[in-house]
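Going by the UniProt record's numbering, the first residue of the sequence shown is number 1, and it counts up by one from there.
Among these hints, one or two may not hold up.
To be verified - Straight-line C-alpha distance at most 27 Å; calculated DSS-like pairs for lysine-lysine:
#, residue 1, residue 2
1, 138, 116
2, 117, 143
3, 128, 116
4, 121, 138
5, 35, 25
6, 128, 112
7, 128, 117
8, 121, 143
9, 112, 143
10, 128, 143
11, 116, 143
12, 101, 138
13, 121, 134
14, 134, 117
15, 103, 134
Simulated from the structure, these hints should not be mistaken for lab results.
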Amino acid sequence: MQTWIIILLITASLILIALAFYAGKLLFQLKAQNKAVQKAREDRDNNIIESIRTIAQAIESEQCETSEGAMRLAVLFDHLSNSTTANYPQQYPWVHQLNDKIKHLAILEARKALPKKERMKQDLERYKAEAECKDAVKTEATKIAQFSM
């Protein structure tokens with residue numbers, strides 16, 4: 001009878017060793033996966049940051065319209081991984097204010113599909129909003145050109 005108990009204990013020990021090895025292997029794989037996800041997130045954020053800086057410099061040097069730059073910047077800030085905690089609308093209020101004023105306007109194909117009169121009406125609305133915020137947005141763009149998380 002003792003032989004069966006010894007065999008049972010050895011079998012149980014082997015099963016526990018195998019399960020511990022498997023758990024260790026899974027933990028190692030999880031750590032590697034988390035590291036890869038973090039690296040991908042950092043790479044994505046770095047690309048977004050580079051785009052943010054480029055657009056800010058374009059606003060500063062008037063290579064793009066202030067309203068278009070503000071729209072693009074607001075979207076890019078929203079796509080950063082820390083956007084929920086960083087509160088970019090509070091850090092750059094004029095960019096976000098201008099975006100809020102014009103984000104409902106049609107763009108791209110939707111704009112082309114509008115009647116000429118409606119396009120002109122939307123252009124006038126965009127020009128007014130841009131005139132109100134242009135200097136402040138350009139001032140913020142100077143700060144944003146040096147942006148980092």
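Any of the earlier hints contradicted here, and which numbers? 1, 2, 8, 9 and 11
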